[in-house]
Amino acid sequence: MTGFSVHDAEASPAWRTQAAESRVLAVNTPFPLHPGQQVADSPPHGAPRVVGAVRLSKYTDASTSPEVQTEFIYEGSRAIGGEVVGWANDTDISALKTTPWEREQLRHWLDRPAEWDALIWQRMDRAVRSMADMADLGRYAKKHGKRLIFASGPGGGRLELDFSSPMSELIMLILAFAAQLEGQTIMERNRGAAAHLQALGRWAGGIIPYGTIPVRKTFSDGNEGWWLGRDVDLTWNYVTEMVDKALAGRGYSYIRDHLNEQRIITPKNHRARLATPPRKHDPESRWSDTTVRDILRSQVLRGYQTREDGSVVRDAEGNPVRAGEALVEDDVWFALQSKLDELSQTKSQATKRKDGHPLLGVLKCDECGANAYHFANVSSQKMRRYGTAFVTQIRSSALSFVTDDDAETMVIRVPGNADALADQVFKDAKLRDRVVVAYGADALALPVGKMSYAVLVALWDALQLGPGLEHVQKPRKRHLFHCQGKVHAPGVKSPSIDFNDTLRWVDEEFMRRLGRLRRTEVITTGGVDNRAAIKELESDIAALVEQLAKLRGAAADMVGRQLNGLSDKLEELSKVPFIPPQRQTVRLDRTWGDDWVAASRETRLDMLRSAGVEVFMRCATHRGQPVGERLRMEIGKHVTPEQDALDDVVYQESF
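The opening position of the sequence shown corresponds to residue 1 in full-length UniProt numbering, with each subsequent residue numbered one higher.
Bear in mind the hints are in silico, worked out from the structure with no lab data behind them. Careful, some of the hints might be misleading.
As the list claims (entries may be wrong) - Heads up, simulated DSBU-like pairs for lysine-lysine below, C-alpha to C-alpha not over 35 Å straight-line:
#, residue 1, residue 2
1, K493, K477
2, K268, K97
3, K268, K245
4, K339, K364
5, K280, K217
Unchecked claim - Computed Cβ-Cβ distance ranges for the label pairs, DEER-style:
#, residue 1, residue 2, range
6, W226, E284, 25 to 33 Å
7, D341, D423, 49 to 57 Å
8, I579, W226, 35 to 43 Å
Everything numeric in this text was worked out from a predicted model, so none of it was measured. Note that the Cβ used here is the ideal one computed from N, Cα and C, for glycine as well.
Please work from the sequences and hints to get the whole structure.
Set out below in structure tokens:
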């Protein structure tokens, strides 16, 4: 491939069209290029290697589009006889909020000074809007001998910064100060415009909330503006699904996993889809707990405008200012917040248990009533087998040893440092107690009557006993439910029972006793409850009172008017009596058995608790006794099978 370059200052503007049509590949940059951008893979010897830097913030117009910046950069490159070898296209990036090293593509080239000679921007404000950033960029260029060029400097001519004299550096900082001042002016102007639009109840732009889409709307004053409508074709449906799952008691992590499994569009890709022009979909974007929580907790669900800290924007009378259509009704939003508070409280109060198992809180000891716990063990017979294998290998080795058959111990003289070897075994086998060092710190005293497989492997490696370990059968742990028996009377044994056999018995017994019965559900019909709205108003009034103490003049007057408006609302709501919701139990079309078959172990545990089921285990009376003879199931007051069966007969006969 031949290098692409345009040097001729007299060349027709048609060079840009020809360059675009030739489609020379960007072999020196890992990033995609904008239309009209090319790179030279092998610039002529002696020609400055140029990197073109394009930056575009969200506050832009046609004069700073990537295409315009590209044209100016090519003109600057031709003026110095250079060849463009790479591009840094950082779009939707604010120079006030990011340093040059915080922009992905520009950082790529700044980290590789050996691959280029000159860096060209259209104007200085495309590079920096901070004196500190300009100073850092200047020091970088001076250290690495690089040329910083602005194709359109003061007065319209090309500006190249020369770092050979203090006067040049002073001029550079003065220009950077002007760019910084202009950037701050733009930010203030945008803030003022946004505040004005917010006061009119219009969407002022910015991040598009998930579940919404910007639409044009004619307001009550007859003017047209932007408004956030429901994104009914896509994301609003996912918001309502998230709300429904949360109201059903599902936590943030469950909703997160569901959204990721279903590959639901994320907020990041939602914004990219609605950008102008649309940005590329990020296949790596994923849902997180924080994202789910922020959406479900946001007042945006009610259509309210919010500030960066999440507080609601209010008008002069204290009323919330809308920026769009409500995604859920107020009663749903208050119920959602109450449910999320309940879930958060339950989670914070719940004990994190390492011994959690599929029957936790359901399986109990028949003797003391304590919850059973799950553990896995290796039989003592196998542990003796490992000790025997170790002793046999030691006897066939060249190591000196002494055995005490009565105490089931062996003292082995080891080569090298016995302390270091003992530390190694302690670490590799993850022992609770360190191996004993004996006989002047050059021998190990080991119990060999019973030995775990982990200790066997650690000693085998540490003592370099050679082949033979592969013939020793690895342990197979037996999983059991067990009662610790801490409150048992002296001499009363603690029951243990097989883990998998118990789960199978519970499955069969639950299906036998409850499987055919239809489930019920409590339906709540709405009453009149303004407590959540009153609580919200009281919180807002308290916040305004705290603000009022710090304000004077017009600002204090405005907050005073807001307080009066909120106080009037609070008085009106307080006069409305509370009418509790009515609860009604309805019979569902599905049975306990239907739900049990489709449920996971976690859900089955919830079903057992919901049905008031308790299972009690007792010690075996003889060897090989079936688990069914050692277990009994009791069903609590949550479900009365006999009455439920009679009700079911009456219901069937009514058809």
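Looking at the structure, which of the earlier hints fail to hold?
Failing hints: none at all.
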